[in-house]
Amino acid sequence: MVHQSALIETDIAAYLKAQEQKSFLRFITCGSVDDGKSTLIGRLLYDSKLIYEDQLQALASDSKKMGTQGEEIDLALLVDGLAAEREQGITIDVAYRFFSTDKRKFIVADSPGHEQYTRNMATAASTADLAIILVDARKGVLTQTRRHSYIAALLGVKHIVVAVNKMDLVGYSRTVFEQIAQDYRLVARQANLSDVTCIPLSALHGDNVTKASRQMDWYQGAALLPLLEAVDVTRENSGMPFRFPVQWVNRPDLNFRGFAGTVSGTDIHTGDAITVLPSGRQSRIKSILTQAGEVGSASADQAVTLTLEDEIDISRGDVICKADAVADQSSQFAAHLLWLSERTLLPGREYLLKTTNKLIPATVTEIKYKVNVNNFKHEPGKSLALNEVGYGNLNLSQPIAFDPYQDNRTTGSFILIDRLSNNTVGAGMLAFSLRRSKNIIWQELTVDKTRRARLKHQRPHLLWFTGLPGSGKSTIANLVEKCLIDLGRHTYLLDGDNIRHGICKDLGFTDVDRVENIRRTGEIARLMVDAGLIVIAAFISPFTSERRAVRHLLAEDEFIEIYLNTSLAVCESRDPKGLYKKARLGEIKNFTGIDSRYEVPQNPAITINTEACTAEEAALKIMEYIQHKGYVHI
Amino acid sequence: MSTLTHLQRLEAESIFIMREVIAECERPVMLYSIGKDSSVMLHLALKAFHPARPPFPLLHIDTTWKFKEMIAFRDKVASELGLELIVHINEEGVRQGIGPFTHGSQVHTDIMKTQALKQALDKYRFTAAFGGARRDEEMSRAKERIFSFRTKEHRWDPKNQRPELWAVYNTRIHKGESMRVFPLSNWTELDIWQYIHHEHIPIVPLYYARPRPVVERDGMLIMVDDARMPLHEGEQPARREVRFRTLGCYPLTAAVESTASSLTDIIQEMLLTNSSERQGRVIDHDTAASMEKKKQEGYF
Ligand SMILES: Nc1nc2c(ncn2[C@@H]2O[C@H](COP(=O)(O)OP(=O)(O)O)[C@@H](O)[C@H]2O)c(=O)[nH]1
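In the order they appear, the protein sequences are chains V and W.
Residue numbers for the first sequence follow my numbering, beginning at 1 and rising by one.
Residue numbers for the second sequence follow my numbering, beginning at 1001 and rising by one.
I should point out that these hints are in silico values taken from the structure, not numbers from a laboratory.
Treat the numbers as computed from the prediction; the structure is a model and nothing was measured.
Glycine included, each C-beta is placed from N, C-alpha and C at the ideal position.
There may be inaccurate statements among the hints.
Using C-beta positions, here's what the derived DEER-type ranges look like [to be verified]: (1) V:Asn565 - W:Lys1159: 35 to 41 angstroms; (2) V:Phe432 - W:Gly1082: 48 to 54 angstroms; (3) V:Gln116 - W:Asp1157: 16 to 22 angstroms; (4) W:Ile1086 - V:Arg584: 55 to 61 angstroms; (5) W:Gly1082 - V:Glu342: 38 to 44 angstroms; (6) W:Lys1159 - V:Arg284: 32 to 38 angstroms; (7) W:Lys1152 - V:Ala615: 53 to 59 angstroms.
Model the full assembly from the supplied sequences, consistent with the hints where possible.
Written out as structure tokens, the structure reads:
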């Protein structure tokens, strides 16, 4: 790696000293296949002399084999990725490259630009301070240019460089460049991007990449690399209020209790007054600790350990703020969402939401609109598919301290995780709180569930029947209710007939609607249990997630899951309402067991094989169970 | 308000990653390979958890062919820092007499390193293992996640990685699955050396040029570290001033002639040299896709 500085040979110690002052910039390159993205990155690496002789030799031989430049070295091959992708001649996913100059170390996130890779670009943009958007000088501002600008803006990338590439193919024409720059200004305004620089360049020939081009003396601005070295990105990190998401509580022994985390926003000093969220407890900073010892202050991005003057109960997930600039807390948000999974977002389904330091169950209650990333237009939609961006409401099971994403990327961002697969399925940027939780105090209700239950001399709970259509849910549920009534209990039976024809009559049988149907049913059941009733619910409820969500609405021991294990063949042969026949003929769509999934419960409290007993025997089994567990006494 | 330098930024990022593992993963371990990257990783762990000790053991996969000086350094570091050190050897491989001279580098590496690592992770049921790999090392690393998911069989699926946005890491796994976590992902070789210099981090003396007994084979200088090395006809170990740019099994790690006997010498030499660090690794001379394949199968 032939670095240029003469100091390396003459005075390595002085060179190393100077290197210690180097700053840091992360940027992303956006463009589609053939825009010259890989060539541009290859050129930056090559011209900043960051390629070793052996890599260069490998490159030369690769270039002959699969390059597009004849006998010339194909710089694009330097940055192409995994074997299979390399054969196809495209980069997929995100790849990270590193280079540095005497002034700065750079991390380049390289991601593909096609619409089906929106999630990859968003991933790359999430950690970038700056985006280089490539425009082919022959083609000008295209749909993809708008898309890339939108995603950069959405993920909060503040600095944009429009690299008008392939200027050599338009005769280095000033008119062409200026037209593109003017066209882009409109895009920037629509995308709400304020810091934009356009540079005419040729990645292939190196014009305006590391040095000013001799072909374009009409261009007065800086070449790309000098610009990258000069961009000031400190403002973003440090201009906002101090936040310290507590990552880990450090307790090596009884005498020390420190809170480990990374500073976000303005500096913190020993002695500063702080407020801890969510508790709202106050104290002062006693010390700021690193391994080197105590430091008087810490600034943005530093990983430190804080100790406080007072003994306050603080755990991972809490956020320490300065007392004069406390973050808002809420459990209901409006947020932008980007969907990352092949399995569609289901409003009402419970996901796990992870913030920088906290994991909380959460649901997307409603998608208000989708955003067409190509033209920034809002489009109607209830759900989000892979790579789609939308805006909607979230409901968290606990309040969190937060900032709007545009103010603070750390305390304003989150991911959504699927509870069953553990995959990361969505990413979100908080916009604002739908209501200020800190202003809402639960009214102390003098009459509560216990009192209502006592009046009825019973222990309220929910018997939840699940199984295929025709498995016998309604029949057995009815028998159970009758037994309970005979015992003088106060009950209510919820089933498809009284729910689907009333409160859920706006819903159909798509996955999205099934999820919402069960969510509403669950909420109703919860209210009825709260009212002191024994509630019996008979619903196909085909998805594990929704059954789990209902379970979480109630106390641990209030939910009893009953799985009617009846084979599809038997259910279909029973076919009491003739629905299977219709489904087979295609007259009914989305029929569970035929063309819609049923997920078998993993740990039901009761499993009943209805092929091996009569409905009466099944009801009896259930009655025995609830007596045995002490839900009902005879 | 002060702006962090690039090394301070890298350091803070690595510390965040390590703390996240400790806060969220059930049974973490640090893969300690004794090289310079492991030295830096360990140093960062000391910082991340200070004043507590790093709350996880070190795991060394001993192929039984490491340089003697590496083993001595390993034991000294662990005892000085008071850290638990687990050394795992593939005993089955030892019984079969697997070694680089008799079975070649590929079989040896697979059985004594890759398989041994899987054995150890299974045996101790570790759910997260820190590794010192960097994204600048080779192409397949460049797109690997920092929190890299492994199946029950320890496989990596490059086509099916979890999206990783911001520094919000998804650490969730099912029973039997695990995470490999790479806190040094964004460091380059130069960053590592500059940091070692700046922080005075101890490293194995093999990195420094000293007179050492070597033979020349296929254009590579191999150090005769013990009597197990079979010498060819007419081969005579000669003492030459050499050092190592990377460390592994001694028969598989080529030395370079050098006079760089101090840290600054090494950095100077590295900056002026024109071959990349992996050239000294026999294992990489296979195909360009070899690393990717090895990693899919569970190689670190
Ligand atoms: N299109 C469609 N309609 C269904 C499906 N399942 C049930 N229905 C309708 O929803 C109503 C309630 O059915 P449900 O509560 O599942 O009945 P049970 O399983 O016999 O107790 C019925 O009147 C059916 O018309 C389905 O999978 N697809």
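Here is what the structure says about each hint:
1. V:Asn565 - W:Lys1159: 35 to 41 angstroms: With Cβ atoms ~36 angstroms apart, the hint holds.
2. V:Phe432 - W:Gly1082: 48 to 54 angstroms: Distance hint for V:Phe432, W:Gly1082 holds at roughly 50 angstroms.
3. V:Gln116 - W:Asp1157: 16 to 22 angstroms: Roughly 19 angstroms apart at Cβ, these two residues keep to the hinted range, so it holds.
4. W:Ile1086 - V:Arg584: 55 to 61 angstroms: Since the Cβ atoms of W:Ile1086 and V:Arg584 sit about 59 angstroms apart, the hinted range of 55 to 61 angstroms holds.
5. W:Gly1082 - V:Glu342: 38 to 44 angstroms: violated (48 angstroms)
6. W:Lys1159 - V:Arg284: 32 to 38 angstroms: violated (51 angstroms)
7. W:Lys1152 - V:Ala615: 53 to 59 angstroms: Violated, at about 42 angstroms.
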